[in-house]
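Mind docking chain B on chain A? Use the hints.
Just so you know, the protein sequences line up as chains A and B, in that order.
For the first sequence, the residue numbers in this note's numbering are 1 to 165.
For the second sequence, the residue numbers in this note's numbering are 166 to 301.
Hints listed in this document are in silico derivations from the structure and should not be mistaken for laboratory results.
Cβ coordinates follow ideal geometry from the N, Cα and C atoms, glycine included.
Among these hints, one or two may not hold up.
To be verified - Derived Cβ-Cβ restraints for the label pairs, each shown as a range: (1) B:301 <-> A:46: 16 to 26 Å; (2) B:197 <-> A:51: 26 to 36 Å; (3) B:296 <-> A:4: 39 to 49 Å; (4) A:47 <-> B:274: 24 to 34 Å; (5) B:210 <-> A:26: 29 to 39 Å; (6) A:38 <-> B:169: 37 to 47 Å.
To be verified - Here chain A is said to cover these stretches of chain B; the calculated rule only asks that three of the stretch's residues, wherever they fall, bring their Cβ under 8 Å from a Cβ of chain A: (7) 177-183; (8) 215-225; (9) 263-269; (10) 277-289.
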Amino acid sequence: MKNGPWYFLISVILLYGIISFFNFGIFLSSLQFFLNTIINMIPVFILVFILMVVSNYFITPKFVTKHLKNKGIKKWFFIIIGGILSHGPPYMWYPLLANLKEKGLSYGLIACFLYNRAIKIPLLPIAILYFGWQYILTLAIVMVIISILQGILLNKIMENDSTNN
Amino acid sequence: MKKSIIKSAKAFWNTIPLILSTVLLISLISVIIPQTVYTNIFSKNFFLDSLIGSLVGSISAGNPITSYLFGGEMIKQGVSLIAVTTFLVTWVTVGILQLPAEIATLGKKFALLRNSTAFGLAILVGIITVVIVGLF
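Here chain A stands alone, though its shape is the one from the complex (with noise of 0.2 Å):
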């Protein structure tokens, strides 16, 4: 399970081998897309690592306990300011949230997390120009609340699973 990642890659690249055989458009159009895809992403892949590395070092299981685990307020609040200012696609963050689970961030917190990432701040004033700012405004608040309701539930089933497991 080790090298599934791996496998998974070379199936992909396997399968553009296929494409490059039916259709070389299609094929070069979309290694086209990757590598631009790729080029903007290489700063968000350095900020991650960054705070990767910052998040080792500071983020002790024991600092997670003092600020994350404790019941309340401040932690979903701190959680979903994390999601909303961090940048680059999710599955960029998934090690680093791995990491946290690791060291004892709930399911719902990453759950929220994830969810809080969809509002974009740098992205606001295209939003609003195309769809307004009363629509936007209203969008952002009520996905913020559902994030709430989503880390709750997630929060209750996975409880329940380890409890019947």
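Structure of chain B alone, referenced to chain A:
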């Protein structure tokens, strides 16, 4: 600090094949599915549109800016606001293409539960948002 750097580098290295394969899949889908497909499949039925919006958003991926462009174009083409809202929400909260990466790092049960609840809740977000915006 050196220990933290080595630990992070190891974790990051293990994620590289997942990131590369996910971006390769997203690139392929983005090229194969043209924008016009998104604007041709909505029916103008409140509940059906919200469901279709969620489904299309779930299988789509990429920078949210792309979803704004698609969403803005959909509104211009007469697609309902509820469909566009659920489309925008699931574009970022549900990740079918990222699912293998999420399962590998955060666990199968959590990844499936998170994505399925995000799918259902997107319809709720759509309904609440459209109702509130309608009040203004």
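Provide an ascending list of the numbers of those earlier hints which the structure does not satisfy. Checked against the structure, the hints that fail are numbers 1, 6 and 8, while the rest are satisfied.
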